[in-house]
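Undergrad: Sequence:
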Amino acid sequence: MTEWRYVEYQEIAAQEKSAFSMGPFGSKITKENYVNTGVPVVRGVNLARGIFIDDDFVFITNEKADEIMSANVDPGDLIFTHRGTIGQVSMIPREPRFNRYVIGSSQVKTRLDESTAVPEFYYYWFRSTEGQRSILANASTVGVPGIATPLTSIRKLLVPLPPRREQEGIAAVLGALDNKVVANERIASTTDELIQELWDIHLREPGSRKTSLIDVLSITFGAPFKSSEFSSENTGRPLLRIRDLKTFTPKVWTTQRLDKETLVATGDVVAGMDAEFRPVFWLGEEALLNQRVMHVRSRIGGGSPLCREAMRGPLALVESYKTGTTVAHLNKSDLATLLVEIPSEEAVSSFESATAPLHKRLVGGAAENRTLTALRDTLLPQLMSGKLRIRDAEKIVGDAV
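Basically the numbering used here = 1-based index in the sequence shown + 7.
It should be emphasised that the hints constitute simulated quantities derived from the structure, not laboratory data. Be careful, since some hints might not be right.
[To be verified] Cut-off 27 angstroms, straight-line C-alpha distance, at most; resulting in silico cross-link-like pairs (DSS-like, lysine-lysine): (1) Lys217 x Lys233; (2) Lys258 x Lys367; (3) Lys258 x Lys233; (4) Lys267 x Lys187.
Just need the whole structure built from these sequences, with the hints factored in.
TA: Written out as C-alpha cells, the structure reads:
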C-alpha cells in the first residue's frame, strides 16, 4: 500500500449547494412541530453506536422538511454531532427505512463526491483513532461540549485520499462485519416483537388476573458508585448506567466495590428510572448496576420474558401520568402502588415454554454481535495504517461471517 496523501475534507465534497451544512437552528424545529408520522429527525441517539440506528425518531411534516432543505439527508451522507457527544459520526444507510430524513440542530451533514470518495470508507476513517482525534481536536469542553465553528472546522479536517479502489476494499471488508451485525439486529427485533405478541395472546386466555406488582416481581435498585472512582475502559468492572440502555455498551468502568451491588447478566431485565421508563433485556456484557437503574426478577418462577412483559404496562402508565414534568422520575413508592396483569398459571407455563428459546436467541445474537464488533474495531486501525492487507482482512472476515 502506497502512502496516502491528505486533503481537506471539503475537497472531496459533492459539487452541489449545501453539500456540507448544519442542522436547523433550534427555533426552526420546536416540539410544537413534532407529529406522529412524517419525516424522521436524526438526533444523537441515532448516531450513538456508529452504525446508524434507524429507529427511535421524532417526526416533522413533509412541508416542514421542505422549509429546511439544506438539512435534508440522503443515503450515503455522513452525519456528525457538533454539540453534546462530540465524536459521534454515522452514515445514512444505503437502504434506509424512510424515504427522507432531516438532521437535528446538533448535527452537521456532509455529502461527498462519490466519483472520488467512498462514504463508507470515510465513515470508518472517522471512527478510527486518528479520525476521532481529528474531530476532538476542535472540541471545546467548556459548558456543553461542542465543536468550535462546527461547519468550518469539519470542512477543514485533514483526511486521507487513497485510490478509490483501496477505499472500496477497506469499506467492503469492514462493512461485511457491520452488515452481519445489522442482520442480527433485525432478527432480534422480530424476535422481540414475537415475545410481546405471545404475551398479549396469553393474557387474553381465561384466568388472567391483576395483582400487586411487587408481589409478582422482585425489584433491585442500582448502587451509588462514586464518579471519582470511574476508570478507563477495561480497568475494573463495567458499570451499567441509564444512558447505556439504548446502546448496551457501558462507557465507564469502576474499581470501587460495594457491600450491596448487583451484577446484571446478558438477557436480564433492567429499566431506567429517569425520563423514560422502558423495561428492556440487557444485551450488553455482564455489568454492575448503577443508581437510577433497576433490575427485575420474577417471584413466581418465570424468566426474563415474563419480567419484561409484566413491567411494560405498569411502567407505561407511570410514564404517561408523569409526562410534562421537567424530568420524570420513577420512585420506589410509585412501584408499590402499581398493579400488574398476569396470565393464569397454565398460560404462564405455556408462555415460558414458547419464549425461552426466543430469549436464548436474543442473548446468543447479542454475544455474536459483540464478537463481530470487537473484530471490526481490531481490523479498523490496522487497515487504515496499512499494517494489514485488504486480502488478509478479507480472509479473516470471511471466516467470521
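Undergrad: With reference to the structure, classify each hint as holding or not holding.
TA: We went through each hint and held it up to the structure:
1. Lys217 x Lys233: Since the Cα atoms of Lys217 and Lys233 sit roughly 39 angstroms apart, the hinted pair is violated (cutoff 27 angstroms).
2. Lys258 x Lys367: Holds. Lys258 to Lys367 sits at ~25 angstroms (cutoff 27 angstroms).
3. Lys258 x Lys233: It holds: about 15 angstroms lies between the C-alpha atoms, which stays within 27 angstroms.
4. Lys267 x Lys187: Distance ~39 angstroms between Lys267 and Lys187 Cα, so the pair is violated.
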